[in-house]
Amino acid sequence: MNLLEAIILGLVQGITEFLPISSSAHLIIVQSMFDMSFDGFSFEILLHLASVLAVMLYYRQDLFNIIRGFFAYFTNRSSENRTMFYFALYLITATAITGIAGILFKDYISATLKTPTFIAISLAVTGIFLILIERVVRHGHRTERELTMWDGIFIGLAQCLALIPGLSRSGTTLIAGVFAGLSKETAVRFSFLLSIPVILGSSVLAIKDLRSDALLAQTGLLELSAAFVITFIASWLGIVFFISLIQRSKLVYFALYCFVIATLVFLFRDSLTIDHM
Numbered sequence: 314m315n316l317l318e319a320i321i322l323g324l325v326q327g328i329t330e331f332l333p334i335s336s337s338a339h340l341i342i343v344q345s346m347f348d349m350s351f352d353g354f355s356f357e358i359l360l361h362l363a364s365v366l367a368v369m370l371y372y373r374q375d376l377f378n379i380i381r382g383f384f385a386y387f388t389n390r391s392s393e394n395r396t397m398f399y400f401a402l403y404l405i406t407a408t409a410i411t412g413i414a415g416i417l418f419k420d421y422i423s424a425t426l427k428t429p430t431f432i433a434i435s436l437a438v439t440g441i442f443l444i445l446i447e448r449v450v451r452h453g454h455r456t457e458r459e460l461t462m463w464d465g466i467f468i469g470l471a472q473c474l475a476l477i478p479g480l481s482r483s484g485t486t487l488i489a490g491v492f493a494g495l496s497k498e499t500a501v502r503f504s505f506l507l508s509i510p511v512i513l514g515s516s517v518l519a520i521k522d523l524r525s526d527a528l529l530a531q532t533g534l535l536e537l538s539a540a541f542v543i544t545f546i547a548s549w550l551g552i553v554f555f556i557s558l559i560q561r562s563k564l565v566y567f568a569l570y571c572f573v574i575a576t577l578v579f580l581f582r583d584s585l586t587i588d589h590m
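Each position in the sequence shown, counted from 1, maps to that position plus 313 in our numbering.
Since the hints were made in silico from the structure, they are not lab data.
Since the model is a prediction, treat every value here as computed from it, not as a measurement.
Note that beta-carbon positions come from the ideal geometry of N, C-alpha and C, so glycine has one too.
Within a straight-line C-alpha distance of at most 16 Å, the following computed EDC-like cross-link-like pairs (lysine to aspartate or glutamate) qualify: (1) Lys497 / Glu457; (2) Lys497 / Glu447; (3) Lys563 / Glu498.
Pairwise CB distance ranges, derived in the manner of DEER restraints: (4) Phe384 / Met462: 12 to 22 Å; (5) Arg395 / Met346: 46 to 56 Å; (6) Asn315 / Ser392: 50 to 60 Å; (7) Leu550 / Phe387: 37 to 47 Å; (8) Phe554 / Met346: 17 to 27 Å; (9) Thr425 / Ile466: 17 to 27 Å; (10) Met462 / Ser538: 36 to 46 Å; (11) Leu580 / Leu513: 32 to 42 Å; (12) Leu535 / Thr428: 28 to 38 Å.
Model the full assembly from the supplied sequences, consistent with the hints where possible.
This is the structure in structure tokens:
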């Protein structure tokens with residue numbers, strides 16, 4: 314992998330990770346277009362860690378408040394601490410559900426549904442649901458103070474669907490949150506904060522595949538550094554961009570984009586490779 318390829322993959326991963334358009338589908342398309350490849354999961358782990366670092370820094374104050382409130386609740390059961398305690402509890406619940414599903418079904422899903430045709434269908438389905446929550450479903454107004462355990466369970470179950478190739482993690486959790494009656498702002502916040510333990514957890518599960526010596530030999534320190542930095546910057550910009558658009562009710566743009574990408578994936582399905590998704 315040369316420097317340009319590392320930059321391109323970092324840019325694609327960063328921009329698409331937190332948008333409801335499936336980062337996995339985009340990595341497949343880009344790798345096929347430029348005939349890129351990399352062995353094992355080490356490079357993918359690196360990119361995901363750069364993305365999670367971006368969301369952790371962006372929501373650093375929220376993370377601090379949640380962690381502080383969670384532990385403070387044991388000695389001071391104020392309204393604010395209670396909100397943060399249960400917010401953290403619901404994040405943990407959703408993460409646990411996804412983690413169990415990932416351990417049980419990820420290999421099976423990847424082996425049976427990892428095809429360009431199914432990825433195209435998944436992207437189209439994402440687009441349909443984005444239009445539904447933008448144009449059809451009545452928007453809820455519940456904030457983090459009104460979250461319930463059922464919200465955590467429902468969003469966690471929806472996030473399990475992102476194990477299916479072509480379905481976006483951020484998209485499924487956002488759609489589930491809005492369908493559950495949360496305000497879009499609360500649904501986005503919960504979705505992004507939920508990405509932290511999920512991405513870190515999946516990276517830990519894949520740590521056995523992380524071979525730093527082999528990764529350096531195959532890719533090079535300059536290329537790895539560039540990919541990490543580009544992914545971090547692009548992830549940050551993707552978060553800011555998405556929050557800005559959702560505040561102006563522009564989810565339909567992402568829906569239309571999903572339809573376009575779904576069509577392209579389906580039309581060129583015979584030329585797409587999916588060995589490294």
